[in-house]
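Novice: Protein sequences appear in the order of chains A and B. Take the first sequence: its letters are residues 115 to 249, numbered as in my numbering. Take the second sequence: its letters are residues 16 to 350, numbered as in my numbering.
Possibly wrong hints are sitting among the right ones.
Said to hold, decoys possible - With a straight-line Cα cutoff of 25 Å, these simulated BS3-like cross-link-like pairs (lysine-lysine) come out:
| id | chain 1 | residue 1 | chain 2 | residue 2 |
| --- | --- | --- | --- | --- |
| 1 | B | 312 | A | 132 |
| 2 | B | 323 | B | 235 |
| 3 | B | 323 | B | 312 |
| 4 | B | 312 | A | 129 |
Unchecked claim - These stretches of chain B come out as covered by chain A in the derived footprint (C-beta under 8 Å, 3 or more residues):
| id | region |
| --- | --- |
| 5 | 178–191 |
| 6 | 310–321 |
Stated by the list, open to error - Negatives, chain A to chain B, calculated, CB over 12 Å:
| id | residue |
| --- | --- |
| 7 | 141 |
| 8 | 164 |
| 9 | 167 |
| 10 | 177 |
| 11 | 191 |
| 12 | 200 |
| 13 | 210 |
| 14 | 211 |
In short, the hints are calculated from the structure, not lab data. All residues carry an ideal CB built from backbone N, CA and C; glycine is no exception.
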Amino acid sequence: MLTNGPIVVMQVPEKLHKQQAVQFGEELAPLLESDRPRVVLDCSQVRSIDSAGIETLLHSLEEALKRDGDLKLAALSPESQVILELMRIARVFETFDNCDDAVRSFNAIPIDSVPQEGAWYSGLLGDLGALKQAS
Amino acid sequence: MPRAIVIAEDGNQETEAEVMSPVARCYVRSHAPFANVEVLGASVARRIVDGLRRGGIENVSVLSSSTKTQSDLMRMRQGNSPSQDVWSDATDELAKCQDEGADSVLIVCVGAYIDFNLAEAFQFHAESRRGVIQAFDEQGALDLWITNPERLPERDDLLSALYAANPTPFPVRGYVNRLETPHEFRRLVVDALNSRSNIHPQGFQVRPGVWMGEGVHVEKGARIVAPAFIGSGATISEQCLVTRCSNVERNSYVDYGTAIEDTSVLASTYVGIGLDVSHSIVDGESLLNLDRGVVLKIGDPSVIRQHKPLAGGDRRLWGSLQSKAARSIGQDRAS
Numbered sequence: 115m116l117t118n119g120p121i122v123v124m125q126v127p128e129k130l131h132k133q134q135a136v137q138f139g140e141e142l143a144p145l146l147e148s149d150r151p152r153v154v155l156d157c158s159q160v161r162s163i164d165s166a167g168i169e170t171l172l173h174s175l176e177e178a179l180k181r182d183g184d185l186k187l188a189a190l191s192p193e194s195q196v197i198l199e200l201m202r203i204a205r206v207f208e209t210f211d212n213c214d215d216a217v218r219s220f221n222a223i224p225i226d227s228v229p230q231e232g233a234w235y236s237g238l239l240g241d242l243g244a245l246k247q248a249s
Numbered sequence: 016m017p018r019a020i021v022i023a024e025d026g027n028q029e030t031e032a033e034v035m036s037p038v039a040r041c042y043v044r045s046h047a048p049f050a051n052v053e054v055l056g057a058s059v060a061r062r063i064v065d066g067l068r069r070g071g072i073e074n075v076s077v078l079s080s081s082t083k084t085q086s087d088l089m090r091m092r093q094g095n096s097p098s099q100d101v102w103s104d105a106t107d108e109l110a111k112c113q114d115e116g117a118d119s120v121l122i123v124c125v126g127a128y129i130d131f132n133l134a135e136a137f138q139f140h141a142e143s144r145r146g147v148i149q150a151f152d153e154q155g156a157l158d159l160w161i162t163n164p165e166r167l168p169e170r171d172d173l174l175s176a177l178y179a180a181n182p183t184p185f186p187v188r189g190y191v192n193r194l195e196t197p198h199e200f201r202r203l204v205v206d207a208l209n210s211r212s213n214i215h216p217q218g219f220q221v222r223p224g225v226w227m228g229e230g231v232h233v234e235k236g237a238r239i240v241a242p243a244f245i246g247s248g249a250t251i252s253e254q255c256l257v258t259r260c261s262n263v264e265r266n267s268y269v270d271y272g273t274a275i276e277d278t279s280v281l282a283s284t285y286v287g288i289g290l291d292v293s294h295s296i297v298d299g300e301s302l303l304n305l306d307r308g309v310v311l312k313i314g315d316p317s318v319i320r321q322h323k324p325l326a327g328g329d330r331r332l333w334g335s336l337q338s339k340a341a342r343s344i345g346q347d348r349a350s
């Protein structure tokens, strides 16, 4: 992500079962409707997630990715780590040891470090032209 | 004629821990009745009794206690005695043995798994000057004694009498697993599947390193990587993987596409679709992850739950319901 929009950090409830998952999804939804939403979910309090909770997390990630954003997980409790691995979705999310690292990861590539003058492929096109002429 | 008294915990404890599954209860209570949990087709407690009978001791008395645990034993050794009922019963049982003319009685408190030569132990007892010998390994004393009832000092309960007799240490050179932690429980499975102990999986070795009980159902596309054990009546569904010294015990059901890796699935457990279960012990709705030291009680029955296999009558009922449903669907289509 190379934008400067807000990065939202949100606490995931201790129990993310059917009822809580619906409520949590409703709270999360407006954050995901913006352009390039950048959300960090703090999972440090999570003790239990059921399949409805997993569905909410996956749906939220899908919504974020659809709008060219991302949803990252931070400070996973041992319980949430076990559940995510059990459900085979640990690899789908980017996970971080703490929220600060997760927030920093959105700005991992500073904008000014990306070359601004000319497209990266301009030199390559010139080389291709020379190759064509030579052949 | 040698006799044996086996002291086992029956696990019917009316405590707050009772609401939890055996594995979770074991974990919480640190010193656990793991010996009562079925592993590779039979519990350690049953293996001990069977081993004594195979070794020629026809008269094996099993005393069970709902209150005694290994941790209780530890407290007793430290002088904080909890209920000593079972040891009082054991004293009575020993007196009975004496009346019947037994000159050597083996007393074992079910807890640790111990591979030892029974004949060698009785020989050691016969040659020892004291009336009592106690098994030892490099980590210390084990809850296994052989005594001559006549030479035992009089005490209120058998355990106090055994300690008062100042037993001669009998060195155990075979495999010992104290089964005090879930890690040790898993190690028991891994060691048994790798033939490091005398525990033999119950069932047939269908190919090198893969044991299966009777009535196992392995569906097409499922893969069992040796060493592994699948208990009687268990089902491994399509596209499942059972690998790295895993055991799926009796009447369990592993559903479509799930991977079981370095894990013990205890008896009558359902493991849901498309899961990755690794480094764990799964028991009904409890999952204990050994890597992270976490016990999860999963309330979602589509993930894991207690599995009740259909009995003969239920199977017939289910079959007739299925055929009725198929007929009604056929009639709907025809109309």
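Novice: So residue 167 of chain A supposedly isn't at the interface. Is its beta-carbon more than 12 Å from every beta-carbon in chain B?
Specialist: It is violated; residue 167 of chain A is separated from chain B by about 9 Å at its closest Cβ, not greater than 12 Å.
Novice: Cut-off 8 Å, C-beta pairs, minimum 3 residues; does the coverage of the region 310–321 of chain B by chain A stand?
Specialist: Contact hint for the region 310–321 of chain B vs chain A: holds, 7 residues under 8 Å.
Novice: Within 25 Å, alpha carbon to alpha carbon, are residue 312 of chain B and residue 129 of chain A?
Specialist: Roughly 12 Å between the alpha carbons, so the hint for residue 312 of chain B and residue 129 of chain A holds.
Novice: Does residue 141 of chain A clear chain B by more than 12 Å, comparing its Cβ with all Cβ atoms of that chain?
Specialist: Given that every Cβ of chain B is farther than 12 Å from that of residue 141 of chain A, nearest at about 22 Å, it holds.
Novice: Check, residue by residue, whether the region 178–191 of chain B contains three or more positions whose beta-carbon lies closer than 8 Å to a beta-carbon of chain A, and give the verdict.
Specialist: violated (count 0)
Novice: Would you assess whether residue 191 of chain A, listed as outside the interface, keeps its beta-carbon beyond 12 Å of every beta-carbon in chain B?
Specialist: About 9 Å separates residue 191 of chain A from the closest Cβ of chain B, which leaves it inside 12 Å; violated.
Novice: Checking one constraint from the list: CA of residue 312 of chain B to CA of residue 132 of chain A, max 25 Å. Satisfied?
Specialist: Holds: residue 312 of chain B and residue 132 of chain A sit about 16 Å apart, inside 25 Å.
Novice: Do the alpha carbons of residue 323 of chain B and residue 235 of chain B lie within 25 Å of each other, as the hint requires?
Specialist: Between residue 323 of chain B and residue 235 of chain B the Cα gap is close to 23 Å, so the pair holds against 25 Å.
Novice: Is the Cβ of residue 200 of chain A farther than 12 Å from every Cβ of chain B?
Specialist: 5 Å, violated
Novice: If we take the beta carbon of residue 164 of chain A, is the closest beta carbon in chain B still more than 12 Å away?
Specialist: Nearest chain B Cβ is 4 Å from residue 164 of chain A, so the label is violated.
Novice: Say whether it holds or is violated: residue 211 of chain A keeps its Cβ farther than 12 Å from all Cβ of chain B.
Specialist: For residue 211 of chain A, whose nearest Cβ neighbour in chain B is about 14 Å away, the distance exceeds 12 Å, so it holds.
Novice: Any Cβ of chain B at or closer than 12 Å to residue 177 of chain A, or is the non-interface label fine?
Specialist: Per Cβ check, residue 177 of chain A is outside 12 Å of chain B; nearest 23 Å; holds.
Comparing the model with each numbered hint stated earlier shows that hints 5, 8, 9, 11, 12 do not hold.
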